[in-house]
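Protein sequence lines correspond, in order, to chains V and Z. In terms of the working numbering, the numbers along the first sequence are unbroken and rise by one, the last being 1183. In terms of the working numbering, the numbers along the second sequence are unbroken and rise by one, the last being 239.
FYI, nobody ran anything at the bench for these hints, they're computed from the structure. Among the hints, a few may not be true.
Covered by chain V, per the in silico footprint, the following chain Z stretches (three or more residues, Cβ under 8 angstroms) [stated by the list, open to error]:
#1 19 to 31
#2 68 to 75
#3 85 to 92
#4 116 to 129
#5 186 to 199
For glycine and all other residues, C-beta sits at the position ideal for the given N, C-alpha and C.
This is what each chain is made of:
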Amino acid sequence: MVAEKTAKKLFSVTLRVWRQAGPAQAGRFVDYPAANVNPDMSFLELLDVVNDGLTVKGEEPIAFAHDCREGICGTCSCTINGKPHGPGHGIATCQLYLRSFREGDVIVVEPFRARAFPLVKDLVVDRSAFDKIQQAGGFISVRAGTAPDANSAPVPKRDADLAMDAATCIGCGACVAACKNSSAMLFVAAKVSHLGLLPQGQPERDSRVLAMVQTMDEAGFGSCTNQYECSAVCPKLISHDFIARMNRDYVKALFKSRFQPVSLGGGGGAG
Amino acid sequence: MHLLGALFNSSIGKKLLMAVSGLVLFGFVTGHLVGNLQVFLPPDAINLYAHRLESLGIVLWLIRAFLLVCLIVHVWLAIKLTLENRAARPEAYAVQHVNRATLASRVMARTGFVVLAFIVFHLAHYTVRIGHPEWAEHTFRLSDGTMVRDVHTMIVQGFSHLGVSIFYILAVGILAYHLSHGIVSLVQTLGLKNERWTRGLERFAVAYCWLYFLLNASMPLAVLGGFVKQHA
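This is chain Z alone, in the form it adopts within the complex:
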């Protein structure tokens, strides 16, 4: 069997691909959050950041393509593994008993699908800007005089919609919950975990996920609460 065949077809290979693609996506959402937090700075910061990202050109598209491949691998294998795992127990137990599996670990497929729906919505909302063609038109003058796209205004206007903001907050909460199992699980799959530091890793995951959720939720909340306003 070829290497790729073994990775995509063996149980441990599939686990490994789930872990590695999950790790990449985990790294992405972390970086994405840090970048977005610049919305709390004067509008120059996030607009310059967005401008620099968009100026990457082909490199940006390569990164996007790589992330998309990771997402497709992660979702595709998640569906495949879920179906295979269900088929491995054709007859369910009459008495369902859970020994120690956490709730987060038992709802990974469901939280994952919510996150996928959120990704589609989020891309349509802020990247493709469906329903808001005017967001592509807003421009902003940086301190050096360069005219760039006004991402700050787009974020403020986008989160000014209560329903949209609530959906964002719920979705990042579910994503954080998904990560709370994912972070610990991927380390186990990569074979880099043992009992000695499991507790520490679990604590890190819980702390990370709360921080991730609260920081993400802070942005729509700040817009709704009027702390981040549309600049003049």
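Just chain V, with the same shape it has in the complex:
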């Protein structure tokens, strides 16, 4: 019975994959027919199978980014039929299964495209711009030493839940890939809010949002036009409401930082 239930009708699709040997080379689409595809295969497994075939034939396998294959690392990054992470809602490419496609489908696979995400090879892009943004402010300062007592910093449940929503961001870059402006606002908003909503994140709250937005701008991302393509493709379903929150936080921090009292005594009251 179990075998009967799991026996699936195999089918065939064609993968139309962007092949580009390196950033300086010209890229083009190459068609790879894939026969006897199991609907329960993940999309990345299909790429593995196609790559096995290419390797046997002595051809260069398709380069694609992947790691955990369970939707938590944010490494996989294909744009499938024009949508980052492909058809589906709230999933990463690794959680996409072939049952989402039909016999005879031509599946167009492209890299995430953005100036701030330069192409490395085929479907692999360099998303280290996100790392730079994180390094600019995605941290808190804590007292080193013995572990503090549990719950020594009270966090209201609502704030904890909201911060957790933001913290689920895996930094995959789908928001940038989906935005027609290649804007990184949803990513930055998630990172800013995740720490800014918690008491531990308050000391750097203003400097964080200012520094992270500045680093984002310098990295060459576009600006937000409030069309919410980002949250529509986010594998963690992070709300664009966080962008509104970041806008608010940024403006507040900007005005506060510019109208801070200026020390007459040389700073710190040390005269």
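Let chain V serve as the given structure and place chain Z on it in line with the hints.
Using the frame of chain V, we list chain Z on its own:
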């Protein structure tokens, strides 16, 4: 970085200036419509209204200057942001896929340029009165005996031209479409929106834009249809 520098150069600063200037212009077009609807009252009403506005003198010019600054900031940043945003994706996707971005939101730059062209035409038509120097000469006697400029006649004569009226109706339609994204978008940019009342805000924007379009279109239509006639 200075405050103004941060506002004009950072991505969120530019968004904020777009939103605030857009809000001012939104307020202006709303007030402008309400004032113009007086064309449906006896000619005294709109002529007195126009006379009072023109009597503001320096204040009127300050308001005009402020609106012009808002318009320049709005248009300048729109061009700058559009170019920057295009540059942020040098290589387009082969498959273009739209998840949920509304058509109005995707054609903001194009509708914006039509609105800008309309503003230039509209100012040339009724404010500078290019081609119609006689409109400045028409006078009207208010009930208290004051002689004022006859704006009512100017509007009726201006909209009696079919081509001009059609252009006005199309242009306010496009402006309403521009506002349908703009109203919701500026609230998001100002950080005053969340999922809980997004639906309500969107409904308000749609209702407002239809009302704005229909009321604006009603004026040239009323003139063409003979409902608003040149007074004796």
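Hint check:
Taking a C-beta to C-beta cut-off of 8 angstroms, the stretch 19 to 31 of chain Z contributes 5 residues in contact with chain V, enough for the three needed, and the coverage statement holds. By the rule of at least three residues with a Cβ nearer than 8 angstroms to a Cβ of chain V, the coverage given for the stretch 68 to 75 of chain Z is violated, with 0 such residues. Counting residues of the stretch 85 to 92 of chain Z whose beta carbon lies closer than 8 angstroms to any beta carbon of chain V gives 3, which reaches the threshold of three, so the coverage claim holds. Counting residues of the stretch 116 to 129 of chain Z whose beta carbon lies closer than 8 angstroms to any beta carbon of chain V gives 0, which falls short of the minimum of three for the stated coverage.
For the stretch 186 to 199 of chain Z, the stated coverage by chain V holds: 8 residues have a C-beta nearer than 8 angstroms to a C-beta of that chain, and at least 3 were required.
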